[in-house]
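Novice: Residue numbers (our numbering), protein chains in the order written: chain X, 32 to 485; chain V, 2 to 121.
Rather than coming from a laboratory, the hints here were simulated on the basis of the structure. Quick reminder that beta carbons are idealized off the backbone N, C-alpha and C, glycines included. The reader is advised that the hints may include incorrect statements.
What the hints assert, rightly or not - A few chain X residues facing chain V, derived, Cβ under 7 Å:
id	residue
1	Asp213
2	Ile434
3	Gly435
4	Arg436
5	Val455
6	Leu462
7	Leu467
8	Ile471
9	Ala472
10	Lys474
Said to hold, decoys possible - Derived DEER-like restraints, expressed as beta-carbon distance ranges:
id	chain 1	residue 1	chain 2	residue 2	range
11	X	Asp283	V	Val64	34 to 40 Å
12	V	Val73	X	Ser312	48 to 54 Å
13	V	Ile88	X	Ala130	35 to 41 Å
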Amino acid sequence: MEQFLKGETSRRGFFGLAAGGAAALAVAPGTARAEPVRTSARIVILGAGAAGTAMANRLTERLEGARITIVDGRQEHWYQPGFTLVAAGLKPASYTLSATGDWLSDGVEWVAEHAAAIDPEAQVVTTASGSRLDYDYLIVATGLSLDWDAVEGFSLDQVGQNGIGALYAGPEQAAATWRAMDAFTEKGGVALFGRPETEMKCAGAPLKYTFLTDDYLRRKGRREESQIIYTAHNAGLFAVPVVNEKVKLIFDERGFDARWSHVLTGIDAGTRTAHYRVPESRALAADGTVTVTPAREVKIGFDFTNVIPPQRAPQVVRESGLSWADRWVDQGWLEVDPGTLRHRRYANVFGVGDINGVPKGKTAASVKWQVPVVEDHLVAELDGREGSAIYNGYTSCPMITRIGRAMLVEFDYENRLTPSFPGVIAPLEELWISWLMKEIALKPTYNAMLRGKV
Amino acid sequence: MKELSFETLLAVFEEIFGKGLFWAMVVIAAIITVAYLYVLVRDRHMSARKFLLAQLFMPLGAVAAVMFVLWVTNSALVDIGGPVDWIVLLGVAGAGAVGLAILVYTAQSLLRPARDSSES
Numbered sequence: 032m033e034q035f036l037k038g039e040t041s042r043r044g045f046f047g048l049a050a051g052g053a054a055a056l057a058v059a060p061g062t063a064r065a066e067p068v069r070t071s072a073r074i075v076i077l078g079a080g081a082a083g084t085a086m087a088n089r090l091t092e093r094l095e096g097a098r099i100t101i102v103d104g105r106q107e108h109w110y111q112p113g114f115t116l117v118a119a120g121l122k123p124a125s126y127t128l129s130a131t132g133d134w135l136s137d138g139v140e141w142v143a144e145h146a147a148a149i150d151p152e153a154q155v156v157t158t159a160s161g162s163r164l165d166y167d168y169l170i171v172a173t174g175l176s177l178d179w180d181a182v183e184g185f186s187l188d189q190v191g192q193n194g195i196g197a198l199y200a201g202p203e204q205a206a207a208t209w210r211a212m213d214a215f216t217e218k219g220g221v222a223l224f225g226r227p228e229t230e231m232k233c234a235g236a237p238l239k240y241t242f243l244t245d246d247y248l249r250r251k252g253r254r255e256e257s258q259i260i261y262t263a264h265n266a267g268l269f270a271v272p273v274v275n276e277k278v279k280l281i282f283d284e285r286g287f288d289a290r291w292s293h294v295l296t297g298i299d300a301g302t303r304t305a306h307y308r309v310p311e312s313r314a315l316a317a318d319g320t321v322t323v324t325p326a327r328e329v330k331i332g333f334d335f336t337n338v339i340p341p342q343r344a345p346q347v348v349r350e351s352g353l354s355w356a357d358r359w360v361d362q363g364w365l366e367v368d369p370g371t372l373r374h375r376r377y378a379n380v381f382g383v384g385d386i387n388g389v390p391k392g393k394t395a396a397s398v399k400w401q402v403p404v405v406e407d408h409l410v411a412e413l414d415g416r417e418g419s420a421i422y423n424g425y426t427s428c429p430m431i432t433r434i435g436r437a438m439l440v441e442f443d444y445e446n447r448l449t450p451s452f453p454g455v456i457a458p459l460e461e462l463w464i465s466w467l468m469k470e471i472a473l474k475p476t477y478n479a480m481l482r483g484k485v
Numbered sequence: 002m003k004e005l006s007f008e009t010l011l012a013v014f015e016e017i018f019g020k021g022l023f024w025a026m027v028v029i030a031a032i033i034t035v036a037y038l039y040v041l042v043r044d045r046h047m048s049a050r051k052f053l054l055a056q057l058f059m060p061l062g063a064v065a066a067v068m069f070v071l072w073v074t075n076s077a078l079v080d081i082g083g084p085v086d087w088i089v090l091l092g093v094a095g096a097g098a099v100g101l102a103i104l105v106y107t108a109q110s111l112l113r114p115a116r117d118s119s120e121s
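Extracted from the complex, chain V is given alone in its bound form (with noise of 0.2 Å):
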């Protein structure tokens, strides 16, 4: 391909998730970084209590990224080759794993908004 426009990217996307799922995970997506936006600014501050607990779930967010990839590309860990590929493999991992500490931090601040700076 000589020019790489957003629609072949979108339509690349489509082939690897599928179409309803990809657009799914599109709509998700940004509803959780709109609502971790929302907390950000309401709050005023980040929670280190929080912010703990969402970063225990990166371990969990990066393998299941790692083990939701290689299945939709009918692929499995010994497929992995050469460094580009545990650069990818990496990438794909480091995703999931802030994906899911945002996901966590988002889902208690709002489910358990702070009262007062004591529980900061």
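Isolated chain X (complex conformation) (with noise of 0.2 Å):
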């Protein structure tokens, strides 16, 4: 499950059949919590989606003295991975909203306001409203922008209707997303699904609704004189090749039809159709011989399709400096080391979440790892003593294979599986036990994690 349960290297796990098998959890021997280090200071923290809440209430615990301050100006908190499960018709909306100022802990100071500019030079944030927030440490935990105009002629008010979904735009966009595939499911027709080519939350999230798609297909009788089609922006559908191998067999299994290099760039819903680009590529045959294919652009029609945009640093993070100048240069992730999560040339700035320009982990199950990372490194400076904790990349990744069904995919930025219950529950199979964990056990393990309880 996304957070899940990776234990330390000396954990003992024990493997927790709840009643209703629905609970599987990895025990680590409690350890006695530090006492609190006393300092004076000043740590703002931007954005209070899972990654800044889970930090801000950890923080509190660990220090005395501090003021944390912690910036966001949305009041509404969005539980993300329970969106699958919305535009599925699984759960209402309601049961990814919550409050934001409801997750905050009383030692937190809530600025209700966006984050307009950041000078990391001065060390001072600057609020829409124009106050100033100086500061020691900065945590940037803002999350990431969908970029929804890059992709042309798509609006969000398109959402519910003529086939058009897009569940990663909220909980009610998520639900309207639904209607529009409860009613091309009663018809069948073409299901067009795809990734962008940017970086992106949860990359799992589109294959699963693919598979979510095509099983409701299948349980209304529709599949025969439907189409599914899944658009990959490169040449893969997973960036792990062990996991992508086995996703592919599954493709092959359903009779998805898979096309590879496309990037969407537009929809016209109107005529209900989408427009990529496909750049240009070059073949080396066995005789030496180069074969050129140029760049074109395709139309693909469909009768149902799920918009996922390309994805980039808000812009606050894009215009402050602080983002990579020579990796994703069209994306401004924060430059931070991969390890300890500290940015590369600010030592007193730290990122945590979706933000960070790392090789993987834009889900809650990585933040519930990161959060750790940079408490550690933090918390032991203010101490006087240095951090040894490092993030490795894990992630997870519930693949839903169908309803009832998911593969328990974790791993790290090796590409190396990095399964909870080796032994257990194999990561490649689809099973039910993993579906009960995305179902059922992962929203109080992730409000678990946003009461600083990771």
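Assemble the dimeric complex from its two separately framed chains, guided by the hints.
Specialist: What follows is the structure, encoded as structure tokens:
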């Protein structure tokens, strides 16, 4: 499951089978919490999503006397791992909704407006209303921006009509996507899925939703007269090779039509057509000749689609000078060390969550593993020591393959599979227990993480 | 999760069944357990006849528990995919069987208390 449950190397796991078979939790022996560190440091956290909230609540436990300020103008907290379930008609939109303020502990000062500028040289954050927040340490947890405008002809008010879905956009849009998918699967036709070419949050979600739509078509007896097309942005379906091969096998079994190197550029709602750019490609034949296929535009008609736009760092981060200068230049992710998550040029700046410019880990599962690392380095520094925790790129994707089954895929920077329950829950097997984790056990553990119990 | 707290485990169960239903079930299970212990202490023996009838209800308890869990988790028997799934499912069935057997035994003992040893 997403933030699931990787123990430390010394972890003594046990497998708890709850009545109902729903909970499987790895448990580490309880460690005595150290005395709070006394400090008068001013810590500003940008963003009160999963990462910022968990971080703030952890720091209030670990520090005494620190001034911890969290900056976020959004009143609603979204449980984003639930969007797929909402868009599959399994949960209501309210399942993913709560209030930002409900999760923040008393020791955290919440500035309920968006950050407008960051000046890492002067160590100042300016809010939308012009207030200045001076900081000694800055934790960037803004999350990412969904660049809907980059999909020409698309706007969020189209969601739910003309077979157009966009489950990433929010709880209401996820529910509207379900209405569109439900109506589509009653009749059948062409279902079109894909992913953007930028980094994205939960790269398994587009695949899950493809599988779920296929499942509904089968349940309603409409699969025979339907076509399912998946447009990949490159030559693979998933970045981890062993998972990629497994997903390809399932695609073949289910009769999905995969199109490679298709990058979505626009949507025409009126004619129900999606527009793609297919970049130039070169193929080397056995006799040494090189065949060049020039770049081209491709149109694919659909009866139902789920639009996922390019994803980038929010403007405030892209304009701060904190982004990588030579990597992901069109996306602007935060330039952090992949192990310590400390900024590579400003030692008093850390990143946590989707904003981090690291090769993997834009999931809530990664947040769960990143928060303790940042906490360790920051608290150690305030205590005059040096932190030692390292983030290994852990992330997790409960890959739903149909309603009732999923694969509990967990991996790290090196594309190694890192199963939480080796020998018990096989990562590449479609299992009911993995489904239970996604559907049931995930949200309580996510909520526990928000409260600072990571 | 690096540490499993009792609180988190309770939250998982609340999520599975819903808060109201989960705590109602906890209270009912606690009442049945206390009543079972009460009749055992009161009668100072186990009635073979009542125990036999209770055992006859075990398959019913097993099937009911499995159906209930599948219902609350939006799943079906065809979703059972590997050995670990079967183990979990058998655990659910076992819990349902034992739970109903205890309930039936306790109910009989409370409704028709043994008057003398000839009934046992």
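Novice: List in ascending order the numbers of the hints, as given earlier, that are violated by the structure.
Specialist: Number 1 only.
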